[in-house]
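Novice: Sequence:
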Amino acid sequence: MKTESLKSLLDACFTAKHIVETLPELPKGMKPRHVHVLGAVSEVYEKQTECMVSDVSSLMNITMPSVTKLIQELEAMGMVEKYKDSQDKRVILLRLTEKGSACVKKYMTEFHKKWTENLGGISDEQVQQAVEMIRLLERTMPGR
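Using my numbering, read the sequence shown as starting at 30 and increasing by one per residue.
These are computed hints drawn from the structure, not numbers from a lab.
One or more of the hints may lead you astray.
[Said to hold, decoys possible] The list that follows gives simulated cross-link-like pairs (lysine-lysine, PhoX-like), each with its CA atoms no further than 25 Å apart:
1) 31 with 60
2) 76 with 113
3) 111 with 57
4) 118 with 142
5) 118 with 60
6) 57 with 98
7) 76 with 135
[As the list claims (entries may be wrong)] Simulated DEER-style distance windows between Cβ atoms:
8) 115 with 91: 21 to 31 Å
9) 87 with 47: 19 to 29 Å
10) 131 with 157: 36 to 46 Å
11) 158 with 87: 20 to 30 Å
12) 157 with 30: 13 to 23 Å
13) 138 with 160: 39 to 49 Å
We treat Cβ as the ideally placed atom computed from N, Cα and C, and that holds for glycine.
With the hints as constraints, model all of the structure from the sequences given.
Specialist: In structure tokens:
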């Protein structure tokens, strides 16, 4: 790969970051990261019918302290609630509130569906190649 090609790739990453930052306006006090956590809780909950903070951390590939802070913020907003596992009271589980579910529906499910329709000419294989390239950039970044 030429250095100029890497520069073009990194420029595209900055453009992608800008796209994420300019997504539709979220409810007051919410950040895109909050919506991603809500989506992760929803995804884990659908697959396993229970969700722990560690599940969200693993799925999003971010640290437990970062996820814990975001979940505390979401809990204060009334988007997520914590509850104790019926079998082991030491285990704290998460679920979306009605407000959190509505947020996932509006800002993820419906928004992604509409955006997907606008990108009809792009194949799943092309998307996977882009995802793999971004992950490769992250893994090979000097100084990490």
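Novice: Could you run down the list of hints and mark each one as holding or not?
Specialist: Quick rundown of the hints versus the structure:
1. 31 with 60: Violated. Residue 31 to residue 60 sits at ~36 Å, over the 25 Å cutoff.
2. 76 with 113: holds, 19 Å
3. 111 with 57: Status holds; Cα separation ~22 Å.
4. 118 with 142: violated, 38 Å
5. 118 with 60: violated, 31 Å
6. 57 with 98: Holds: residue 57 and residue 98 sit about 18 Å apart, inside 25 Å.
7. 76 with 135: At roughly 21 Å apart (the allowed maximum being 25 Å), residue 135 and residue 76 satisfy the hint.
8. 115 with 91: 21 to 31 Å: holds, 28 Å
9. 87 with 47: 19 to 29 Å: Given about 28 Å between the Cβ atoms, the range holds.
10. 131 with 157: 36 to 46 Å: About 30 Å separates the Cβ atoms of residue 131 and residue 157, which means 36 to 46 Å is violated.
11. 158 with 87: 20 to 30 Å: With Cβ atoms ~24 Å apart, the hint holds.
12. 157 with 30: 13 to 23 Å: holds, 19 Å
13. 138 with 160: 39 to 49 Å: About 20 Å separates the Cβ atoms of residue 138 and residue 160, which means 39 to 49 Å is violated.
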